[in-house]
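Asks: Please model the entire structure based on the sequences and the hints provided.
Sequence positions in the sequence shown follow the numbering used here and run 342 to 479.
These are calculated hints, taken from the structure and not from any lab test. By construction, the Cβ of each residue, glycine as well, lies at the ideal position given by its N, Cα and C atoms. Some hints could be false.
Unchecked claim - Derived Cβ-Cβ restraints for the label pairs, each shown as a range:
#  : residue 1 : residue 2 : range
1  : S388      : P446      : 29 to 35 angstroms
2  : G461      : G404      : 32 to 38 angstroms
3  : E430      : G370      : 29 to 35 angstroms
4  : Q457      : D403      : 15 to 21 angstroms
5  : R385      : Q457      : 24 to 30 angstroms
6  : L356      : T451      : 16 to 22 angstroms
7  : D437      : E400      : 27 to 33 angstroms
8  : G370      : E400      : 15 to 21 angstroms
9  : H389      : P429      : 27 to 33 angstroms
10 : G404      : P429      : 17 to 23 angstroms
11 : A436      : G404      : 17 to 23 angstroms
12 : H391      : R412      : 18 to 24 angstroms
13 : G419      : Q457      : 18 to 24 angstroms
14 : P446      : E367      : 25 to 31 angstroms
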Amino acid sequence: MQTTHIRIVILDRDLSDAFSMRQWLEGSGHRVIGIASSLAQARRIVSHEHADLALVETELEDGTDGAEAARILKQRHGLKVLFVTAAPEAARRGADAAVGCVLKPIRPLTLLAAIQHAFGPCADRHVPVERSRAFEMY
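Replies: Laid out in C-alpha cells, this is it:
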C-alpha cells in the first residue's frame, strides 16, 4: 500500500541526521517543509506552512524536552508526531503526544515504514504494534 505524500517538519538538533532524513523523505515523494533544531524554529515553520507530521528528537538544541515539544506541536498545531531518537525511554515518556518512535541510527526504509503506519488505514485506532529494534508505534 502506498502512503499519500506527507508534509513534514523535522525537529532535530543533529542537522546531519535531519538533512539525511530530508533526502530520503523527498526521494520517496514526501515534502519536507522545514528543518529546525529548536521548538521555536519549528513553530515558526508550521505557522507559515501546513505540515501533517513532525519528526522530533527527544533532546533539542535549546534545551527543550522533545516530549514537551511533541505535546505543543500536537495540541497547538494539530500535527502527528514521530520521535526520532537513540533514547527510546525518553520517547516513551512522550507517548501521549506521539504515534511512535524511530530509533537512531535511522534507516531509510524503517523511517518510511513508520510514517506509512502512522498514516495508514489503522492509524487512528491506536492498535499496538509489535516493538522492533528499529521502531515502535504507540
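Asks: For the hint 17 to 23 angstroms, verify it against the beta carbon of A436 and that of G404.
Replies: 21 angstroms, holds
Asks: Indicate whether the distance between the beta carbons of H391 and R412 respects the range 18 to 24 angstroms.
Replies: Cβ of H391 to Cβ of R412: about 19 angstroms, so the range 18 to 24 angstroms holds.
Asks: Has the hinted range 24 to 30 angstroms been met by the Cβ atoms of R385 and Q457?
Replies: Cβ of R385 to Cβ of Q457: about 28 angstroms, so the range 24 to 30 angstroms holds.
Asks: Using the beta carbons of D437 and E400, state whether their distance is inside 27 to 33 angstroms or not.
Replies: 18 angstroms Cβ-Cβ, so the 27 to 33 angstroms window is violated.
Asks: Verify the CB-CB distance for G419 and Q457 against the hinted window 18 to 24 angstroms.
Replies: Check passed, 20 angstroms falls within 18 to 24 angstroms.
Asks: Does the Cβ distance between Q457 and D403 fall inside 15 to 21 angstroms?
Replies: For D403 against Q457, whose Cβ atoms are near 31 angstroms apart, the range 15 to 21 angstroms is violated.
Asks: Per the hint of 27 to 33 angstroms, is the separation of the Cβ atoms of H389 and P429 within bounds?
Replies: 32 angstroms, holds
Asks: For the hint 32 to 38 angstroms, verify it against the beta carbon of G461 and that of G404.
Replies: Taking Cβ atoms as reference, G461 and G404 lie about 34 angstroms apart, which means the hint holds.
Asks: Range first: 15 to 21 angstroms. Now tell me if the beta carbons of G370 and E400 are that far apart.
Replies: 30 angstroms, violated
Asks: With respect to the beta-carbon atoms only, verify the hint that G404 and P429 lie 17 to 23 angstroms apart.
Replies: Because 21 angstroms falls inside the window, the suggested range holds.
Asks: Tell me if the beta carbons of E430 and G370 are separated by a distance inside 29 to 35 angstroms.
Replies: 33 angstroms, holds
Asks: Just to be sure I understand the hint, the distance between the Cβ atoms of S388 and P446 should be within 29 to 35 angstroms; is that true here?
Replies: 31 angstroms, holds
The structure is inconsistent with the numbered hints 4, 7, 8 and 14, although it conforms to all the rest.
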